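Heads up: the sequence lines are chains A and B, in that order. If you're matching positions, the first sequence starts at 1 in our numbering and goes up one per residue. If you're matching positions, the second sequence starts at 1 in our numbering and goes up one per residue.
Since the hints were derived computationally from the structure, they do not count as laboratory data. All figures in this text were calculated on a predicted structure; none of them were measured in a lab. Hints should not be assumed to be uniformly reliable.
Unchecked claim - Result set (EDC-like, lysine to aspartate or glutamate): computed pairs, CA atoms no more than 20 Å apart in a straight line:
#: 1; chain 1: B; residue 1: Lys217; chain 2: A; residue 2: Glu226
#: 2; chain 1: B; residue 1: Lys6; chain 2: A; residue 2: Asp45
#: 3; chain 1: A; residue 1: Lys353; chain 2: B; residue 2: Glu3
#: 4; chain 1: B; residue 1: Lys6; chain 2: A; residue 2: Asp71
#: 5; chain 1: A; residue 1: Lys297; chain 2: B; residue 2: Asp32
#: 6; chain 1: B; residue 1: Lys112; chain 2: B; residue 2: Asp130
#: 7; chain 1: B; residue 1: Lys131; chain 2: B; residue 2: Asp71
As the list claims (entries may be wrong) - Pairwise CB distance ranges (calculated):
#: 8; chain 1: A; residue 1: Leu236; chain 2: B; residue 2: Leu36; range: 40 to 46 Å
#: 9; chain 1: A; residue 1: Phe65; chain 2: B; residue 2: Leu215; range: 47 to 53 Å
#: 10; chain 1: A; residue 1: Phe65; chain 2: B; residue 2: Leu36; range: 47 to 53 Å
#: 11; chain 1: B; residue 1: Leu36; chain 2: A; residue 2: Thr201; range: 48 to 54 Å
#: 12; chain 1: B; residue 1: Tyr108; chain 2: A; residue 2: Ile24; range: 40 to 46 Å
#: 13; chain 1: B; residue 1: Ser45; chain 2: A; residue 2: Phe92; range: 30 to 36 Å
#: 14; chain 1: B; residue 1: Glu39; chain 2: A; residue 2: Leu382; range: 22 to 28 Å
#: 15; chain 1: B; residue 1: Leu36; chain 2: A; residue 2: Phe299; range: 54 to 60 Å
#: 16; chain 1: B; residue 1: Leu198; chain 2: A; residue 2: Phe299; range: 57 to 63 Å
#: 17; chain 1: A; residue 1: Thr201; chain 2: B; residue 2: Gly179; range: 45 to 51 Å
#: 18; chain 1: B; residue 1: Gly179; chain 2: A; residue 2: Phe299; range: 36 to 42 Å
#: 19; chain 1: B; residue 1: Met77; chain 2: A; residue 2: Thr201; range: 33 to 39 Å
#: 20; chain 1: A; residue 1: Ile217; chain 2: B; residue 2: Tyr108; range: 57 to 63 Å
What the hints assert, rightly or not - Covered, in the sense of this in silico footprint (three residues per stretch, anywhere, with C-beta under 8 Å from a C-beta of chain A), are these stretches of chain B:
#: 21; stretch: 37 to 48
#: 22; stretch: 138 to 150
Beta carbons: idealized from backbone N, C-alpha and C, even for Gly.
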Amino acid sequence: MNRDSNILNRIDWLTILIYWILVIMGWLNIYASVYEEDAGMSIFDFSLNSGKQLIWIASTVIIFFIIISIDFQFYESIAYVLYGIIILMLIFVLVFGSKVSGARSWFEIGSFLKIQPSEFAKFITALVVARFMSSPGFKFNSTRQLIFVTMMALGPMLLILLQPDPGTALIYFSFIIVFFREGLSPLILIIGLLFVLIFITTLFINQLYIILAVIGIAAISIVFAEKTFKKISGILIVMILTIGVTFSVDYFQTNILKPHHQKRLRVLINPDSDPLGDGWNVTQSKIAIGSGQFWGKGFLNGTQTKFDFVPEQSTDFIFCTLGEEHGYVGTSIVIILFIFLILRIFSIAERQKSRFAQVYSYAVGSIIFFHFMINIGMTIGLFPVIGIPLPFFSYGGSSLWAFSILLFIMLKLDAHRMQIFVR
Amino acid sequence: MNESRKLIIRASVVVVGIIFLIKLLSIQVLSDNYRLAAENNIIQSIIEYPYRGLIYDRNGELLVLNNPIYDLMVVPMEVEVEDTSAFCSMFGIEKQTFIDNYNTAREYSVIKPSIFIKQISNIEYARIQDKLIDYKGFYISARSVREYPYPVLSNALGYVGEISKNQLDRDTTNYYRMGDYIGISGIEASYEDQLRGLRGVKKRMVNVRGVEQGLYKDGRLDTLSIPGSNLVSTIDLTLQDYAEKLLYGKVGSLVAIDPSTGEILSIVSAPSYDPNLLTGRKFSDNFQVLSMDTLVPLFNRPIMAMYPPGSMFKTIQALVALQENVIKADELIYSDGRLIGDLAPIGYYDVEEAITYSSNNYFFKVFRRIINQGVDPSPYIDARFGLEQWRSYVVRFGLGVNLDIDLPNPKSGYVPTVEYYDRVYGQNRWKFSNIYSLSIGQGETLVTPLQMANLAAILANKGYFYTPHIIKSIDEDGLPDTRFQVKHEVGIDSVHFNAVINGMQAVVRSGSGRRAYMPQIAVCGKTSTVENPHGPDHSGFMGFAPKEDPQIAIAVYVENAGWGARAAASVASLVIEKYLTGEVKRTWLEDYALKGEFLY
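Excised from the complex, chain A in its bound form (with noise of 0.2 Å):
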């Protein structure tokens, strides 16, 4: 039988539509955003962001079937050996990366190439993750494999920290997705949640109210539940591990975040606080998203983006050129597409037949999911000020050849989800 043209038909289309869609709508806006009325620029003008980023997206299409056409179980096989290359590139590109706005996270190589070695690392560490995970014998009441597994994400979400670039390295908590779906004890994530939503509250409320908070529902709970020994010491230690948060807020903001760092939490909370400075960002992407009002201004008639107030604006704050010129339709059309993408991913990955399948499917999912919250909020003033693009939409190179990639490898492990039972 002819396997090329079978593979075509057992394609998922509908995810490969909508990554079409948002991959045209990103260009569209990537032009609005650096046009200039006066300049009378053409949207394939190839010195400008919107001709290169066409020459990317053409780029995707070779991919695409570079991907479809190798054997679908070279990406199980290649994971370990992939996942060495990345750990030594994010090491290398530490040493001989150049520094672009502080942080060492390019290869230059030439004027025009430009690779940010991070951006691939997520795919390969999903596809190291799902190998792992799917060798027989991995458990997750394991703590050694736990352990193990863990390190694997943890491994290059530290290198990328080291460059340093906390946004990229921040999108290695979607794989606590992963694991959870797997069978990572909710215990560990309630608890992990507990402390962020402590941590959070804690920059908003003054810690006092929290500790006699704790304490209250501590002292409750012990009244309600079994007197047994297990259960009251259980109860005492969360909330003695509780209120050990509370206290290493303050040290973690004094002593461990960035001076820069700290204002963008502090802008988070308040932005007008400093709309000049540190939240002159926020603010002026929330200006940008909130002029376009419902119908938005028009397709290049945008005034905020075009004008240079708002920072970044074909690459991670790409959204409020949506925003301020097809308003909230646009953003509403675009939020909906990436809720549809992201949920067909998660069903694609819940009706795989091998377990590697299926867990790189769900990486797939949580990783663009993270990159769709913290993207999509920080425009909006829901999340600190963190440079991650938002996929398939900002421009450069490296990060849609990434999510491309990502993607690709997951349609093409779908197509042959019948074949499992062949190996």
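For this one, chain A is given, so just place chain B on it according to the hints.
Same frame as chain A, but now just chain B:
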């Protein structure tokens, strides 16, 4: 278990999506603030300041004109100054001032221009123009300030200054903005609405670096500035200049009016100052000095200083008595020095002679007849009716009321009321003997020099006046304000004026006003020596000329100058001669008036 985890994961994705949709709904659809903030970001309003109207004298001489001046603007985001001290020395400012101004501007906006240094003169601008290119983020914005070619009429013209916080709060029209210039006193204040014109605004779109990106809405919202109206003053510059010269070195006032129209020919407040002191960058320094001066040159005496009218008031007493029919013009009344101190000889007086000799006892008796007309047997109640009646006449002469001239804050003076004496003495506990000093213009009555000049005009017109005013035309061929076109009758029949006017002529020909005498011009006048509890008496004169078809009515007060006959009468006479003949032949009198050291 897997099913529920699957659901939890999917639910959390949907929840994040819903949170985003709600948040976006609130900032994009439910709030208008972001749209306004966006416009505020990109729209730069370039204000075109209109030319303030010019002011001419009655013969077309320019009294007030505009001079270009430059404000240095700063856009903090663009500022690049390598050598701050060179910059500071170029503008003659301290380094601390530089830092303070910069921070103030930054607080206002980093991307919008704000004023850095105000009012750089033309000469200074020429010097720095080329060097300014080296300093990024600094721009020049042109405006204009007032210039006065002649250093006269300062208090009447007033001055223009930056609008104060108070004025800004009181401005209900919302026209003014911080840093705008506004007329603060004199004509500049009272004709502010006509003089200021209308500001033009051009809206431009700018990017974050303040670089222009084109017209906002294709310029549909732009407006052109409309220059202010030019004003033609009633002032005769030559006469004004001469009058100010005569009052130089004295403290006092002079007001000359054309009685047929109420036009103020000359208005002098002495001591005065050069109006050019209160323009431009030295404004606040000079203002400080002027406001500290013990002789208060910023006090507009002709309309704000109040004195007892003294003997000039006797003209009104005679007219009221004649109108009330309590005396006849030729009725002889015996006057000795017994009732009240008097310099007039003992004898029988009619109206004319009583005015000529300024007989205090005659007017004591006349005023007693006005007050006690026997309406009620009780002298207390009778006096109430009398005073009420008398006051109703006096008020119609423009005394004790605001004359509503076109200069800001004129004082009304004071004419005592029944209520006033009730307060002082108690109800029905005062009678004529408590108030007799009113008969000779002393006591509680207070008038301004302007009101006395208006009295002279009423006498010249035999019974009516037009409200004195200083602007005869808004725009070159316009009319004065309608309120200055209304004829005010004072309620005295014109026949009664003859005896009083004859008396006034005799005052000048042979009485206390002899210094005002000119053989060729029939001057009618009345002198006044205003008792001053704080020092030497003030000298006052009020009169008009010529007797037939009067063309000028005048009042002069010179403080601490003793008898009215001396300083005030000679100054008034010289001004009358100058106005009616165009030159002064009596140089001896001129020398006397100029030399007179009446200033303490």
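Verification of the supplied hints:
no.: 1; hint: B:Lys217 with A:Glu226; in the structure: violated, 72 Å
no.: 2; hint: B:Lys6 with A:Asp45; in the structure: violated, 45 Å
no.: 3; hint: A:Lys353 with B:Glu3; in the structure: holds, 16 Å
no.: 4; hint: B:Lys6 with A:Asp71; in the structure: violated, 29 Å
no.: 5; hint: A:Lys297 with B:Asp32; in the structure: holds, 14 Å
no.: 6; hint: B:Lys112 with B:Asp130; in the structure: violated, 23 Å
no.: 7; hint: B:Lys131 with B:Asp71; in the structure: holds, 16 Å
no.: 8; hint: A:Leu236 with B:Leu36: 40 to 46 Å; in the structure: violated, 54 Å
no.: 9; hint: A:Phe65 with B:Leu215: 47 to 53 Å; in the structure: holds, 50 Å
no.: 10; hint: A:Phe65 with B:Leu36: 47 to 53 Å; in the structure: holds, 50 Å
no.: 11; hint: B:Leu36 with A:Thr201: 48 to 54 Å; in the structure: violated, 33 Å
no.: 12; hint: B:Tyr108 with A:Ile24: 40 to 46 Å; in the structure: holds, 43 Å
no.: 13; hint: B:Ser45 with A:Phe92: 30 to 36 Å; in the structure: violated, 54 Å
no.: 14; hint: B:Glu39 with A:Leu382: 22 to 28 Å; in the structure: holds, 25 Å
no.: 15; hint: B:Leu36 with A:Phe299: 54 to 60 Å; in the structure: violated, 23 Å
no.: 16; hint: B:Leu198 with A:Phe299: 57 to 63 Å; in the structure: violated, 39 Å
no.: 17; hint: A:Thr201 with B:Gly179: 45 to 51 Å; in the structure: holds, 46 Å
no.: 18; hint: B:Gly179 with A:Phe299: 36 to 42 Å; in the structure: holds, 40 Å
no.: 19; hint: B:Met77 with A:Thr201: 33 to 39 Å; in the structure: holds, 37 Å
no.: 20; hint: A:Ile217 with B:Tyr108: 57 to 63 Å; in the structure: violated, 49 Å
no.: 21; hint: 37 to 48; in the structure: holds (count 5)
no.: 22; hint: 138 to 150; in the structure: violated (count 0)
Hints 1, 2, 4, 6, 8, 11, 13, 15, 16, 20 and 22 from the earlier list are contradicted by this structure; the remaining hints agree with it.
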